[in-house]
Amino acid sequence: MKKLFLLASVLFLTASSAEAKRIVSQSPFITYTLEYLGLSDSIVGVSRYDFLALPKTGGIIDPDSDAIAALEPDIILTSNWTDPKTLRNVTPDGAKALVLYGFEGMKEVEKSLRVLTKEFDVPGGKAKADAFPSAWRSEARKVCGGGRRVLILSSCVGSPFSFGRRTYLFDLFTEAGFRVVEDHETIRHMNPSEPIKTISGLVSRTRPEIVFVLHDADHGCAVNLDIPDVEVIELDGNHFVYPAPILLKGLKDLQDIFSADNRKAS
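Take the sequence shown: its letters are residues -20 to -1, 1 to 246, numbered as in mature numbering (1 follows the signal peptide of the UniProt record, and there is no 0).
Treat the hints as calculated values from the structure; they're not laboratory data.
There could be a bad hint or two in this list.
DSBU-like cross-link-like pairs, simulated, lysine-lysine; straight-line CA separation at most 35 angstroms [said to hold, decoys possible]:
#1 LYS76 / LYS177
#2 LYS98 / LYS87
#3 LYS232 / LYS65
#4 LYS91 / LYS76
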């Protein structure tokens, strides 16, 4: 009986190993989502911006076909920012490419979880995917936003941008009780060729009470502000710049700042 049990265990482990897919993740937001679902061990390559110490495979805009091919992946996961022709060219024969969404709303973040759960048949994954919509909303409602007028800013490689109406952070901060005053449809970039050229111009137009700055020292994402009569709050960008379940940590950060007791103390 003991021999039969050991044989069954070996067969099970062999089958599980055969079914495990070798994943290349072309964005940290995808890696965070895979991590949340318990699929970290299946990742064999990641983008140059990723936090995992694995072989790097370029970025979403410029995936490295040679690096990807060397990893012999079963599936490449990327975002809709990757050009379809480019994606076809870098996908090795026999591998699958899957495009995920997330930047245009929390509904997209929720959908990515469901898509990945279905693709990889993750044990317990469906329960996590099903629970996430209510989980993030529940955490958001614990933030005492109080209807404060806010802007959400970030900047990568020196180009500031603000999160507008059709973005996941608009949904997140609105659910947390803030009034996001950016009226741009998606992300507003500020540079000399745009109608609003500077952050100060945007602040003057929208009159926020609070400007949230998403700071990410690792990737050079930051905004330096000195705006009179406006409260500036710096947030850990790693908890906010990715449309993934890591946002739950961001909501905990906001709870720490905007709990009723903390706001009274400040």
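Okay, the hints, checked on the actual structure:
1. LYS76 / LYS177: Given pair LYS76, LYS177 is violated - Cα atoms ~42 angstroms apart, limit 35 angstroms.
2. LYS98 / LYS87: holds (17 angstroms)
3. LYS232 / LYS65: Measuring from Cα to Cα gives roughly 40 angstroms; hence the hint is violated.
4. LYS91 / LYS76: The hint holds at about 19 angstroms.
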